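Dock chain to chain to rebuild the complex, using the hints, since each chain is given by itself in its own frame.
Those protein sequence lines, which keep their order, are chains A and B. Going by my numbering, the first residue of the first sequence is number 481, and it counts up by one from there. Going by my numbering, the first residue of the second sequence is number 1195, and it counts up by one from there.
No wet-lab data here; the hints were simulated from the structure. Take these hints with a grain of salt, some might be off.
To be verified - Label pairs and their computed distance ranges (CB to CB):
hint, chain 1, residue 1, chain 2, residue 2, range
1, B, I1196, A, R625, 45 to 55 Å
2, A, E600, B, F1371, 37 to 47 Å
3, A, E573, B, A1232, 53 to 63 Å
4, A, S495, B, L1358, 53 to 63 Å
5, A, A538, B, R1206, 30 to 40 Å
Stated by the list, open to error - From the derived model, a few chain B residues whose C-beta atoms are all more than 12 Å from chain A:
hint, residue
6, E1197
7, L1313
8, T1374
Remember, predicted model here, so these are calculated numbers, not experimental data. Don't be surprised by glycine CBs; every beta carbon is placed ideally from N, CA and C.
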Amino acid sequence: MTRVIEIPAHLDDRSFEQFAAGFGTWPPDEKLLFDARGAQWSSPYGLIGLLTAGQAIAEERRERPLFAVPASTDVKSYWSRIGFFRYATDLFELHGKVPKAAASGPSDALLDVTPVRAMEDVHEAVNRISETAARILRAELGLERTATGRFSMALSEACQNIVEHAGTGGWVAAQTYTFRRRLGRRVAVIAVSDAGIGFRRSLESTHAKRFGDRWGDGAALEAALIQNVSRFRDPGRGQGFRQIKPFLDKWEGKISIRSGTARLAIVPVWDEDVPLSEHLPFFPGAQVQITIPAPDTESR
Amino acid sequence: MIETIRIGTLLRETAATPYRNLITRPTGAAVRDRIEAALAESDCATALLDFSDIELLDFSCADEVVAKLLLADSDRGGRMVVLQGLSHDQYEAIEQVLNHHGLAVVAVSSGDGSGMPQLIGWVSADARQAFRCLCELGALRATQLAHALGWTDARCRETLRALLARRLVRSEGELYFPITIA
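So here's chain B without its partners, still in its complex pose (with noise of 0.2 Å):
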């Protein structure tokens, strides 16, 4: 199940403001703690934060909503958080802010979610090539993911290990999933 958080409606609910602006840390950290309050009640595999009605983020939001939602990984279990709706700058907002803390997450880029997914912020090249060509093939085998990457075993199960910690992509049994949340 996805659970599907409207920042933009978190923002004029949280600042209860008309504009479309997330900016400063005080405001992020009040988003965030909407979204943890929501994420709490929700049992969903899944967390899509849509920042579709969000015009501007600036670095201290990236760091408090993101960052934040990330770092207090503990906490959500395995559920796995992706981003939508971004633009240019929110984009390379929060990879910045992300490649600081060596976190990354998962972003989809159109709003009905059938946009390739995309990893931002801190990966190793292998897991970048991993991911995309999960997310280009489909549900795939370890032993499977090898061989289309040609690539040794020991190698794919290494960089699949890292992906699942990072809850970039899932698992079910033997097969590894992208993430899809179409």
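Extracted from the complex, chain A is given alone in its bound form (with noise of 0.2 Å):
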């Protein structure tokens, strides 16, 4: 048997949910077909939570799933632009003709699609993302210099929970789009995803005794973006999150971090996002998204 997962026709942090129910129970027992055929559009956090679901079965030492790319020529190009179908390759058996990255011309992207498996490559993703931000943040966005520095750090900080958390690697890829439903403006969007132990495990056994029954996914998101807790001793740990905020809090930002079956969000006014989901469906390692609008000319 094969089981079908139908990948949304728009993919971006609210339709993963739909995305992640589609695998049943983790890790699924049968053979995946992943359908993107009707894809649209896909937010660079549904890109690698694509990848990172090929990733977490692999490492499972499950079949390796089948991928239908999308019909839509001019989807197919950019998802090759942006280098997901240089990683998909490896993870998945593609059906359908997938364009060379080459032929696709070059990436707009302000980061494409990045694995991070250890520091060098969080070195890199930054490096890279430095020649490109503030040029593009500051012409598509009307972001101050302060801020292109401050979205290069929250980068930095996002990758290295990767590397020191998570236990196995994971992607990262940065995009400005223009958020039409939400917001009306311009947005740049970092996504990082890992297929690794997700907050609950890494931080079980120095904090799940003070939580009690109240311990799980959700708490442990808690612990880490409100409470600013670490598994580390070093006072100076689980610091990142906390120090993004006031970021994120000076351009109306937004972080989302899902983890396991939760989702934890610091919402700004103009989302209508809830700030705690639980129960959702489970999904491996841990999925940030961190959203910095361009500033609203017209309230200002």
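Here it is as structure tokens:
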């Protein structure tokens, strides 16, 4: 039997839940087919989420999933330019014609899909984004220079979390696009995802006792994002997300972290998201999205 | 004597990278090790850490390089640490990290050290005021500083004691000095 997991036409952090629900139990027992033929658009969060699923299945030593590539030439071409297929080839058995990245033209992404396995990869990602971020964020979003520096710092901290806590590798990508549905403005988005042990297991040995019966994926996210705890005894640890918050406050930014069956967000006024969602379909590792909108010129 | 340590040079030597981004904890720890090694061989009274060659400093490195260097206080005797050449982003990153640890450090803004020194991090309002007054007026006795600020002698001496203990000012005899690097 093959289980078909339909990729939502618009794959982002919201519709990701529909994708995650498609697995049924985890790890999945059946062979999987990721059906992306109807895909019209994906955020960086969606694309690296797909790679994370492929990676997690490989690490569970399950059969390599099939992947039906998008029917849309434009969508395929974009996914190719941003580097998705470069890594998807190793994780999935691709079905459908995939354009070569070189033939798809240069990527306009802030940061193409980039694997994060070691601290050297964090350096590589930050160095790459530093070269383009200031120019693109200023030109497209009208952000000040201080904001572009903070954007790179946020990327650095989010990627380091993978190396230090996940116990396996992950992915990062960043892009600007127009956030029509919820905001009607341009946004810059950093997405970071790993297939690792997740926040609950990372913090369990040092913090679960304090939470008692409440301990779970949601409590672990609260501990990390709100209480800034870390599994390390070093008092300077666990501050990465805390230090990002003033930057998010200043620029009306949003951070959401999904791990296991829960998702926690710091929600700005322009968004309708709920701060904490629990009892979601299980998905391995942790997925972080940081969204910085262009300043609202009408209200200033 | 002042020992100037160019953080950008240490970064290039430590990480063998052409970039000027001081990021990730292992890199920060390696750079701090190099700073501590340099200071261990020096009998300088002031260590001037020059960040002017650094483009990006993330919170992890602000913690590893600056906060942990200050926390290793007992190993550096009476030596003062001064930061120089910080960008706005770097200043804010260091300030957030030092606030978390309850630490403070002196920073000078311009490359030649002629800018007014500033305190970064966690200090009381009195300490900040006394520090600013010393920087503006130069070396003063405690009674002179108290007079200049309109404080009681006891309040002034207590504030100076706190600044001295954290090596944010220095004293010679009865005089208290701001940190100067020019």
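Is the claim that L1313 of chain B lies outside the interface with chain A correct, judged by CB distances over 12 Å?
holds, 19 Å
The hint says 53 to 63 Å between S495 of chain A and L1358 of chain B; measuring C-beta to C-beta, is that right?
Holds, at about 60 Å.
Should the label of T1374 of chain B as a non-interface residue stand, given a Cβ cut-off of 12 Å to chain A?
holds, 29 Å
Take the C-beta atom of E600 of chain A and the C-beta atom of F1371 of chain B, compute their distance, and say whether it sits inside 37 to 47 Å.
45 Å Cβ-Cβ, so the 37 to 47 Å window holds.
Has the hinted range 53 to 63 Å been met by the Cβ atoms of E573 of chain A and A1232 of chain B?
Once the Cβ atoms are compared, 55 Å apart, the range 53 to 63 Å for A1232 of chain B and E573 of chain A holds.
Distance restraint evaluation - A538 of chain A, R1206 of chain B, Cβ atoms, bounds 30 to 40 Å
holds, 37 Å
Is the distance from the Cβ of I1196 of chain B to the Cβ of R625 of chain A consistent with 45 to 55 Å?
violated, 30 Å
Any Cβ of chain A at or closer than 12 Å to E1197 of chain B, or is the non-interface label fine?
Holds, since 25 Å exceeds 12 Å.
Hint compliance for this structure: hint 1 alone is broken.
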